[in-house]
Amino acid sequence: MIYKKDANFPYPILSNHAQSYVNSIFELDVDVMENNDTYRFTIKHDIGSEFIKRLIALNKAELILIIQSKDSKFYRLKEQEIEVSKSRVSLDQKTSLQLHIQALTDISFHDNQDLSQFYDQFKEDIKVNKFNLLAYSNVVTFDAPYQKPFDLFEKKLDEHMKKDIKIEVGQATINIYYRKPEYQFHTLPKSQYLNHPYIYIGLTKALQQFIMNNGEDGEVELKTVEPVSELENKLLDLMQSKMIDELTVDNIDDVIYEITDNIIEKYVRSVEEMVANGD
Amino acid sequence: MEIKLLKDGYKNIESLYEDFKADMIAENEEYFSEESVYIDQTPSFPIYIAKGSTEHKKKEFLEAFNTVTHSYLSLDRSILLSEHFWHSFLLIYKRNYIIGKYPEVLDNENKFKNIVLKKLDWENYIYKIILGAQYIADYINNEDQRQRYFGLIIDNLDLYNYIIKYEIFRNDDFLINILDIIDELGLSEILKAKIKGREDLGDDERYGRRVIFELNKSYPIVLSPMLSKDDLKDIFIEYLGYYYDVSDIKS
Chain A
1 MIYKKDANFP YPILSNHAQS YVNSIFELDV DVMENNDTYR FTIKHDIGSE
51 FIKRLIALNK AELILIIQSK DSKFYRLKEQ EIEVSKSRVS LDQKTSLQLH
101 IQALTDISFH DNQDLSQFYD QFKEDIKVNK FNLLAYSNVV TFDAPYQKPF
151 DLFEKKLDEH MKKDIKIEVG QATINIYYRK PEYQFHTLPK SQYLNHPYIY
201 IGLTKALQQF IMNNGEDGEV ELKTVEPVSE LENKLLDLMQ SKMIDELTVD
251 NIDDVIYEIT DNIIEKYVRS VEEMVANGD
Chain B
1 MEIKLLKDGY KNIESLYEDF KADMIAENEE YFSEESVYID QTPSFPIYIA
51 KGSTEHKKKE FLEAFNTVTH SYLSLDRSIL LSEHFWHSFL LIYKRNYIIG
101 KYPEVLDNEN KFKNIVLKKL DWENYIYKII LGAQYIADYI NNEDQRQRYF
151 GLIIDNLDLY NYIIKYEIFR NDDFLINILD IIDELGLSEI LKAKIKGRED
201 LGDDERYGRR VIFELNKSYP IVLSPMLSKD DLKDIFIEYL GYYYDVSDIK
251 S
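Line by line, the protein sequences are chains A and B. Residue numbers for the first sequence follow the working numbering, so the first one is 1 and each next one is one higher. Residue numbers for the second sequence follow the working numbering, so the first one is 1 and each next one is one higher.
Chain A with its partners taken away, still in its complex shape (with noise of 0.2 Å):
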């Protein structure tokens, strides 16, 4: 369980609320990054006690990374980094994870020289059995929802232009222009799939021109760029949180793919089906 509430333990237990260590630290930061089946989550922690650090590396205490959403999962925590199966954690407001500090042997306090002054008569007595907890973190949520790649778009109409669509890479956003109203579909049932294919077109111009602006020789390390529009930033943002390293002019349909929700599959579908209901 995440653990919120202040209890009473019945010996000094490391938290961000306790006042039993004189540096009552346990930071947890969680960066999430996600492909179409994995989470990928990048665990960084901050304990301020000096006492309890040499107990992990020593092996007699571990960190756990516990993640509640449906259901709990507990992770001895080796690397800096988990990995995730999406059929077997789902990301939403629910979602909390938290850091614990587990005792893997019976361990003395009485050179823990980390605990506040109030310990200093007593410590030589206080004893933390094995398996019992020893310090829990801040609870971090997924308060936000995910950015998805249709807020990179603005549909407009302009019954003015002389052709009938246009698709303009902008500063903010990537916008369709449709000459008629009909030529978005809105009168069709799914006309959000419809439109897919102007979505994929839109993408392509968008991140061709994110190489030309930002790569050399057609390539782009995405970790060393440093975007100058509002769009071109969302576009990395949402790479990056796919777990995309590099964009190349060579590989835009897989990135395409990756950042975005089976657009094509969709597209597909939504015709055949309107095909076989006779629409």
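A hint or two may mislead.
Just a sample of chain A residues kept apart from chain B, beta carbon distances all over 12 Å, derived [as the list claims (entries may be wrong)]:
id : residue
1  : Asp29
2  : Ser90
3  : His100
4  : Asp125
5  : Ser229
6  : Asp253
7  : Ile256
Cβ pair distances, simulated, as ranges [what the hints assert, rightly or not]:
id : chain 1 : residue 1 : chain 2 : residue 2 : range
8  : B       : Gln147    : A       : Lys155    : 52 to 62 Å
9  : A       : Lys205    : B       : Gly100    : 51 to 61 Å
10 : B       : Glu2      : A       : Phe185    : 10 to 20 Å
11 : A       : Phe142    : B       : Met1      : 27 to 37 Å
12 : A       : Asn35     : B       : Met1      : 20 to 30 Å
13 : A       : Arg54     : B       : Glu2      : 49 to 59 Å
14 : B       : Asp8      : A       : Lys180    : 25 to 35 Å
15 : A       : Thr248    : B       : Ser74     : 46 to 56 Å
16 : B       : Lys113    : A       : Lys205    : 45 to 55 Å
17 : A       : Asp111    : B       : Asp234    : 21 to 31 Å
18 : B       : Lys11     : A       : Asp37     : 26 to 36 Å
Worth flagging that the hints you see were computed from the coordinates, not collected in a lab. Built from N, CA and C at the ideal position, the CB exists for glycine as well.
Following the hints, position chain B against chain A.
Below, chain B alone, put in the same frame as chain A:
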């Protein structure tokens, strides 16, 4: 195939039950959202296993565990544990199966709600089946062993229900450890028995439930979901000892 999702608020649409009976949901665009999900296989499986003999229920559970394991476990959790998805799927795509297997849903709306529109939590059979199937199938690869563990869940259903009721114990390692402990020590009958002569406890208290209750009470000081089977076994027997004479149980 594509599974279209119902519009938010579908549960409150007054005509829902009548339209289900008359088979008029699938036809009516008004019920649908713009959203849909795609899944490869959609075999039917028992979604309500509360009636009939013990033997019959056991058979139904096994069929459900196996079907879910083979056809549904690779779905993203955001679909697999979505009530919105299951209600849409059952109402629109599994109507014939439901009416054939649970004709009582046509008798009155309460039965319909209890079988088809039930909240997706630990009391819902679909939920019990998904978690059990996932926890066992992820850890146990041998087919015979899987069937044995599914059987252990079914034989210890009261305790299983109690385990998945608590969020912290909804966990693969913990479930498998507990099933192993029960099996090794032959505790199944004891754990499901009612506790007698303890007026201080509730009416329907059982030994197994109390052990889980004690484990929950001592968490997180004792991080029981992270314990190895043998370490958990000692604590399990200790807590059972609060209610039952454990001197004959070998650890």
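Hints, verified against the model:
{"no.": "1", "hint": "Asp29", "result": "holds (21 Å)"}
{"no.": "2", "hint": "Ser90", "result": "violated (4 Å)"}
{"no.": "3", "hint": "His100", "result": "violated (7 Å)"}
{"no.": "4", "hint": "Asp125", "result": "holds (18 Å)"}
{"no.": "5", "hint": "Ser229", "result": "holds (30 Å)"}
{"no.": "6", "hint": "Asp253", "result": "holds (20 Å)"}
{"no.": "7", "hint": "Ile256", "result": "holds (18 Å)"}
{"no.": "8", "hint": "B/Gln147 <-> A/Lys155: 52 to 62 Å", "result": "holds (54 Å)"}
{"no.": "9", "hint": "A/Lys205 <-> B/Gly100: 51 to 61 Å", "result": "holds (53 Å)"}
{"no.": "10", "hint": "B/Glu2 <-> A/Phe185: 10 to 20 Å", "result": "holds (18 Å)"}
{"no.": "11", "hint": "A/Phe142 <-> B/Met1: 27 to 37 Å", "result": "holds (30 Å)"}
{"no.": "12", "hint": "A/Asn35 <-> B/Met1: 20 to 30 Å", "result": "holds (24 Å)"}
{"no.": "13", "hint": "A/Arg54 <-> B/Glu2: 49 to 59 Å", "result": "holds (56 Å)"}
{"no.": "14", "hint": "B/Asp8 <-> A/Lys180: 25 to 35 Å", "result": "holds (32 Å)"}
{"no.": "15", "hint": "A/Thr248 <-> B/Ser74: 46 to 56 Å", "result": "violated (31 Å)"}
{"no.": "16", "hint": "B/Lys113 <-> A/Lys205: 45 to 55 Å", "result": "holds (51 Å)"}
{"no.": "17", "hint": "A/Asp111 <-> B/Asp234: 21 to 31 Å", "result": "holds (29 Å)"}
{"no.": "18", "hint": "B/Lys11 <-> A/Asp37: 26 to 36 Å", "result": "holds (32 Å)"}
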